[in-house]
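2 protein chains.
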Amino acid sequence: MRIEYRQIGTIHTPFKSIEGMPIQPAGGEFVPGTVEVYSEYLEGLKDLDGFSHIILIYHFHKVAESKMIVTPFMDDQPRGVFATRAPKRPNPIGISVVRLLEIEGSTLKVENVDILDGTPLIDIKPYVPDFDQYPADRVGWLEHAKERVKGKKSDSRFR
Amino acid sequence: MRIEYRQIGTIHTPFKSIEGMPIQPAGGEFVPGTVEVYSEYLEGLKDLDGFSHIILIYHFHKVAESKMIVTPFMDDQPRGVFATRAPKRPNPIGISVVRLLEIEGSTLKVENVDILDGTPLIDIKPYVPDFDQYPADRVGWLEHAKERVKGKKSDSRFR
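Those sequence lines, one after another, are chains A and B.
If you're matching positions, the first sequence starts at 0 in numbering that gives the first Met the number 0 and goes up one per residue.
If you're matching positions, the second sequence starts at 0 in numbering that gives the first Met the number 0 and goes up one per residue.
So here's chain A without its partners, still in its complex pose:
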């Protein structure tokens, strides 16, 4: 089945190139960004301002190919792509939880972004701890790597 989505807006961030980007929102703390939602979807933003955090779903538009095995930024071992958050996936779709600071018209001011400037937005969902937080007790290869994420920047590996 082929699935067709449309860009519903654009994410703007300080990250103009993939090099030097934080790897996950945890590494992008306090980094400000804006989300410009196309005016035809403005009505859908009603009530969103009641949420402190939102989930952005977006298209890794700079990723040209997919790979089944990747070596993540945070590791030096090759891993199955579905066991990583790497962008070179069969469907290059990304998700990030960001803090929502303010909505002005169809512009969302957000914080804690780990996203490339100009990234096409696909969806916005409210972040709800009751739906989105689970007591994960095993995080695989990340067990030892995750402590190194904060402050870690990406390199050209995923261009």
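No lab work stands behind these hints, which were simulated from the structure alone.
Just so you know, not all the hints are guaranteed correct.
Same chains, same label: a pair holds when it works inside one copy or across any pair of copies.
Straight-line Cα separation of at most 25 Å, DSS-like style, residue types lysine-lysine; simulated pairs [unchecked claim]: (1) LYS45 <-> LYS87; (2) LYS108 <-> LYS66; (3) LYS45 <-> LYS66; (4) LYS45 <-> LYS15.
Given chain A's structure and the hints, the job is docking chain B onto it.
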């Protein structure tokens, strides 16, 4: 920008119709399901078995239209669609965190599903508390509604 994704597998669950489905994974606790990943993506599942929870990204294939304003299952007030998890979105994309019990070949046994049987799979990501858990202090209209989610079932509203 038009974005094209491909189905990479199928999600099987006990929910053969939208009526009677749990509304969020929190309401689908212990409900078992399987994820059949197409064999061409088998290699990408390497290392995934180290994670206790995974994020399934999927296409709401039974949703025919999108609406900017919806009345969520958990509420009786109309809300902007982006302030809800309702399926009638501009891009009908769903995300759920499920517990991963076992992987056999390209079949994932999971638990805690709130997904319709036969749903096309778009992506799998590891669930990592450090990336996916945020101290959300405001959950908007859900503040009072969320306590009612457990045990709440869907109706025909989103057909």
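For each hint given before, does the structure comply? Return the numbers of the non-compliant ones in rising order. Hint 4 is the one this structure does not satisfy, whereas the remaining hints hold.
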